[in-house]
Amino acid sequence: NAGVMQNPRHLVRRRGQEARLRCSPMKGHSHVYWYRQLPEEGLKFMVYLQKENIIDESGMPKERFSAEFPKEGPSILRIQQVVRGDSAAYFCASSPLDRGGYEQYFGPGTRLTVT
Amino acid sequence: SQQGEEDPQALSIQEGENATMNCSYKTSINNLQWYRQNSGRGLVHLILIRSNEREKHSGRLRVTLDTSKKSSSLLITASRAADTASYFCATDGTGGFKTIFGAGTRLFVKA
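For the record, the sequence lines run as chains A and B. When we follow this note's numbering, the leftmost residue of the first sequence carries the number 12, and every step to the right adds one. When we follow this note's numbering, the leftmost residue of the second sequence carries the number 5, and every step to the right adds one.
Please keep in mind that the hints were generated in silico from the structure rather than gathered at the bench. Where is the CB? At the ideal position from N, CA and C, for every residue including glycine.
Calculated cross-link-like contacts (lysine-lysine; reagent style BS3-like; alpha-carbon spacing at most 27 Å):
| id | chain 1 | residue 1 | chain 2 | residue 2 |
| --- | --- | --- | --- | --- |
| 1 | A | Lys73 | B | Lys30 |
| 2 | B | Lys60 | B | Lys74 |
| 3 | B | Lys30 | B | Lys74 |
| 4 | B | Lys60 | B | Lys30 |
| 5 | A | Lys55 | B | Lys73 |
| 6 | A | Lys82 | A | Lys55 |
| 7 | B | Lys30 | A | Lys55 |
| 8 | A | Lys73 | A | Lys55 |
| 9 | A | Lys62 | A | Lys73 |
| 10 | A | Lys55 | B | Lys74 |
| 11 | A | Lys38 | A | Lys62 |
| 12 | A | Lys38 | A | Lys82 |
Pairwise CB distance ranges, derived in the manner of DEER restraints:
| id | chain 1 | residue 1 | chain 2 | residue 2 | range |
| --- | --- | --- | --- | --- | --- |
| 13 | A | Ser69 | B | Glu57 | 23 to 31 Å |
| 14 | B | Gly20 | A | Arg26 | 46 to 54 Å |
| 15 | B | Asn22 | A | Glu74 | 41 to 49 Å |
| 16 | A | Glu83 | B | Lys73 | 45 to 53 Å |
| 17 | A | Ser77 | B | Ala82 | 44 to 52 Å |
| 18 | A | Gln28 | B | Ser62 | 39 to 47 Å |
| 19 | A | Ile65 | B | Thr31 | 21 to 29 Å |
| 20 | B | Ala82 | A | Glu29 | 43 to 51 Å |
| 21 | A | Ile87 | B | Asn22 | 39 to 47 Å |
| 22 | A | Ser41 | B | Ala85 | 36 to 44 Å |
| 23 | B | Ser16 | A | Gly14 | 24 to 32 Å |
| 24 | B | His49 | A | Glu51 | 20 to 28 Å |
This is chain A alone, in the form it adopts within the complex:
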């Protein structure tokens, strides 16, 4: 049973370009969470999704950021017109049910560098 997979592991984008980060949850998990981590800081919640539904996006910036978790395929975190401040590690996690009381399994992260 493969763990949570994220790709790419490293992504370099110039300012103004788009960044697409992918997350494949563990098999059997239908709940996905995205977090952002700046150097020397903890993880900041961004969005919580179930298949085809955004449940809580209160941590997402209102502009340029969007997330989806389609019926088929991985969850995508999309950042349009990236700026240097978007440089960070982006982690996704999955859980089998509503994570209330269930641990989240984390992927290895995507490190985004905006030049």
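Given the structure of chain A, go ahead and fit chain B onto it with the hints provided.
Here is chain B on its own, set in the frame of chain A:
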């Protein structure tokens, strides 16, 4: 806003010593979890303690929870160099779906 805050920010000890990290939070929680992160890697779940539990053990780990003080502690006994990592507490509140992470404690275990 609800937030887990770890204390100390950094801790340096000798191999074989015990390491204690503390976490405080602000609002009611359903459960509290501790995670470990090695440099440049993803997070690894260590232990979950529910709001109606006071203490939990897993191997060399001991976690306590005091909901009256809104605090938790993680004790690592007989530390090893391989325990060198950042440790985060994370809380699941009663009012939503967010998992809130603290800024972490950076533990250095010297061989």
